[in-house]
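A.B. asks: Listed below are the residues making up each chain.
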Amino acid sequence: MQAPDNSIEVEGLVREFKKGPRAVDGIDLHVDPGEIYGFLGPNGAGKSTTVLMLTTLLPPTAGTARVAGFDVVREGPKVRKAIGAALQEAALDPLLTGREHLRLQMAMHGIGGDERRRRADELLERVGLTDAADRKVKGYSGGMKRRLDLALALVHRPRVLFLDEPTTGLDPQSRAALWEEVERLARDEGVTVFLTTQYLEEADVLAARVGIIDQGRIVAEGTPEELKAEFSSSTIEALPANVEEKGAVASVLERFGARTTGFSPGTVAVQLASSDGRLTEIVRALDAEGLRIAHLQIHEPTLDDVFLAKTGRHLEGAESEDAEADPELVAT
Amino acid sequence: MLRDTFAVARGVAWRQLHNAVLNPAVFFPSLAFPLLNFAAFAGGLARVREVPGFDFAGSYTAFTYVFILLQSAAFSGVFSGFGVARDFETGFTRRLMLIAPNRSGLVLGYALASATRWLITGSIVTAVAFAVGMRIDGNGVDLFGLYTLALLVNFAGTLWSTGVAMRVRSQQAGPLMQMPVFLVLFFAPVYVPLALLKGWIHAVATVNPLTPLLEAERGFVSGAPAHVAVAYAVGAALVAAFGLWAIRGLRKAEAAG
Amino acid sequence: MTSALAVQVGYLARRSAVRTLRQPAGVVFPLLFPVLLLAVNAGGLRAETKLPGFPTDSFLAFALAVPFIQGGLFATGNAGIDIAKDVQTGFLNRLALTPMRGIALILGEIGGVMALAVVQALFYLCIGLVFGVRLASGVGGAFVLLLLAALIALGFATFGAFAALRTGSTEAVNGIFPVFFVFLFISSMNIPRDLMSVTWFRWFATINPVSYLIEAVRSLVIVGWDAEALVLGFGCAILIIVAGFALSVAALRERMSRT
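Protein chains in written order, with the numbering used here: chain A, 1 to 332; chain B, 1001 to 1257; chain C, 2001 to 2259.
Here chain A stands alone, though its shape is the one from the complex (with noise of 0.2 Å):
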């Protein structure tokens, strides 16, 4: 028997929106089976109208794109019973507790009576949902009703598991938790999880692979090694003892790379030329010159900077002008 393909290939995906701007513009993109694929992007860059288009809920304007072996177009139906998701919202009936929700979502499913019950304790076991299992989803807290939600997204073991945001708005601690049940997915069960995120760190920890999407356009992908020693090296930054020194101490860090933005007031920064540690020769040059520092810092190269070298713009606070169309637009 053919082993199940979960893998997601999407070929020149594109959405627009009537009166909106064109969300999604022309991704290419593969995900192999059981790999977390990290969807970076800074607010309204279109990673959830991807989401969306690859969950079946918004058709594309044009490109071609299969889930699980499935063209989402023409294969709605047979996508939908190979995925799970957790979108945005964690869209939750506030009225409902955890365990009526998650009967309900396999009632739809068509999970039978004592393979509900039983399917219902396991996932509230595995989200630590046990005990608050029969309250009301409106007393849960932020963190509560992403776990639901995941919990939900896996009523039917799906293949591949779309979570758009799955930690915005969380404690670290809930952070952590979330993060290592995604972990066990991918690593004990096999499931492709496609993950978008805004937060470096995520993408970081979690995705074996990263895309980051800008304006509806993919401008990097790769690991996130290779993404970071692609796009950037270190960065040297110096604070002078002496604030009339920060002229020289700039000019001789200028022989090291390229001068940037500090990230501290008063210092001076320098994106290193070469990735190899110069650190000692940068020491010996500045004493050199007779010049006193009071604090010296090397920055290694985040993802942070990586968007930066491809967009001129740092991640955090670069929501795009276009804000993500409202998929509620009805299609061109």
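Just so you know, the hints here were simulated from the structure itself, not pulled from any lab data. Each hint should be verified, as a subset may be incorrect.
Simulated coverage check for chain C against chain B, where a stretch passes if three residues somewhere in it have a Cβ under 8 Å from a Cβ of chain B [unchecked claim]:
id, segment
1, 2023-2037
2, 2046-2053
3, 2187-2196
4, 2200-2206
Below, in silico cross-link-like pairs of lysine-lysine (BS3-like), each with a Cα-Cα straight-line distance of 27 Å or less [what the hints assert, rightly or not]:
id, chain 1, residue 1, chain 2, residue 2
5, B, Lys1198, C, Lys2050
6, A, Lys136, C, Lys2085
7, A, Lys81, C, Lys2085
8, C, Lys2085, A, Lys19
9, C, Lys2085, A, Lys18
10, C, Lys2085, A, Lys138
For every residue, glycine included, the Cβ atom is placed at its ideal position computed from N, Cα and C.
Position chains B and C against the provided structure of chain A, taking the given hints into account.
C.D. replies: Below, chains B and C without anything else, positioned relative to chain A:
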């Protein structure tokens, strides 16, 4: 002190009216229901005028108009309470409390804005009534009485709903603001004069504070004013009582932080 | 109906009923408000029975039909607001990701509302009986009345569902509520059509289907078995259901534009 109060009142009233102008849809509920009732009563029930013992001198349209005018006044007040509750939910009231040297001015401001809004809805109701052929037999003084009494009802409605909003501080208090006003309005002689009501409704209408106001208003419209002093006394008493209710509500809101 | 669809409809109807029952204000207000209005009108308009040609000497019996229609109107609001909330919170998307059939959503939401509408109708009937109204059509008439009340609620609820699916906004659903009240107020709600003296009002009440719904219910209470009134009433109810359902299904298809 008084200057501070008026300055705050003017600011709050300006903001309420500014919002109303930018979002004219807020007029809709306070206008739709009186007009709908007017159509249903004056159009559908005109034959009720022929019931033996119906002793109103004017037309049934004029008879109904008076009730509709008071209803629009009261409900304009109630709907302004919704705005106060919304301000609590959004935290805007906290900002107002922070900047107002004299917070009683907040209540006065809401009342002034509500009165101005009612002048608009009341004018529309009146225009519609004239358009469908209503005749007013009272003179200028009677008309002055007609509208000032209605204004007192508007103030009372605003102060009542503001008092509720200050205590509950949530839009969920909507039914609590509306329902008592609805009951007071409809447990009055709405469709026929008091004398034609029988049984329990007659007993309730007799002690209903709105009844003397409604009867005095009908007197103004028909040119035969009656119970005017009692009506003004009741109107003033309602404003005073609900003014106290609203101010005490404000104090509770201040205490709640 | 296939068994899978029946299960889906059953679960969604149960959910609809459960969440309505968990908001006591949502149950109490639609139950009490029509009774309150009935009390106000039965007291205030009792003198109307003295008009020559008025069909009964009890205004309470005459007006008892109105709460059944108002209950139906509240069903519009409940069904509409519940569905609009599902659109706004994304719950509809969650359901759309399951193999649920679109029609199950409408049938389920409306099924729950109808169940509550029958309970409401029973309550109004009991109120009438307690205050001395006897159905001229007898016990059989009571069953027909409950059936008609359920159909009326179903008809109005389909329009609530349509508004919700079309706009996806609770504000918009709340906004159309007064429009439905126009149909109630400018009908034979408070006076028989042949006693209306204002021409435009009489014309509107005559073309207004709500008049025929009221008159069918009223005929069971004060006349007995009036075939013409019942045929017109059931006919209008069925027409409203068909129209509302067609509109809802079309709006749902657009809303759940899943592939």
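A.B. asks: Next step is simple, just say for each hint if it's right about the structure.
C.D. replies: Status of each hint after checking the structure:
{"no.": "1", "hint": "2023-2037", "in the structure": "holds (count 4)"}
{"no.": "2", "hint": "2046-2053", "in the structure": "holds (count 5)"}
{"no.": "3", "hint": "2187-2196", "in the structure": "holds (count 5)"}
{"no.": "4", "hint": "2200-2206", "in the structure": "holds (count 3)"}
{"no.": "5", "hint": "Lys1198/B with Lys2050/C", "in the structure": "holds, 13 Å"}
{"no.": "6", "hint": "Lys136/A with Lys2085/C", "in the structure": "holds, 17 Å"}
{"no.": "7", "hint": "Lys81/A with Lys2085/C", "in the structure": "holds, 25 Å"}
{"no.": "8", "hint": "Lys2085/C with Lys19/A", "in the structure": "holds, 25 Å"}
{"no.": "9", "hint": "Lys2085/C with Lys18/A", "in the structure": "holds, 24 Å"}
{"no.": "10", "hint": "Lys2085/C with Lys138/A", "in the structure": "holds, 14 Å"}
Going through the hint list in order, the structure satisfies each hint without exception.
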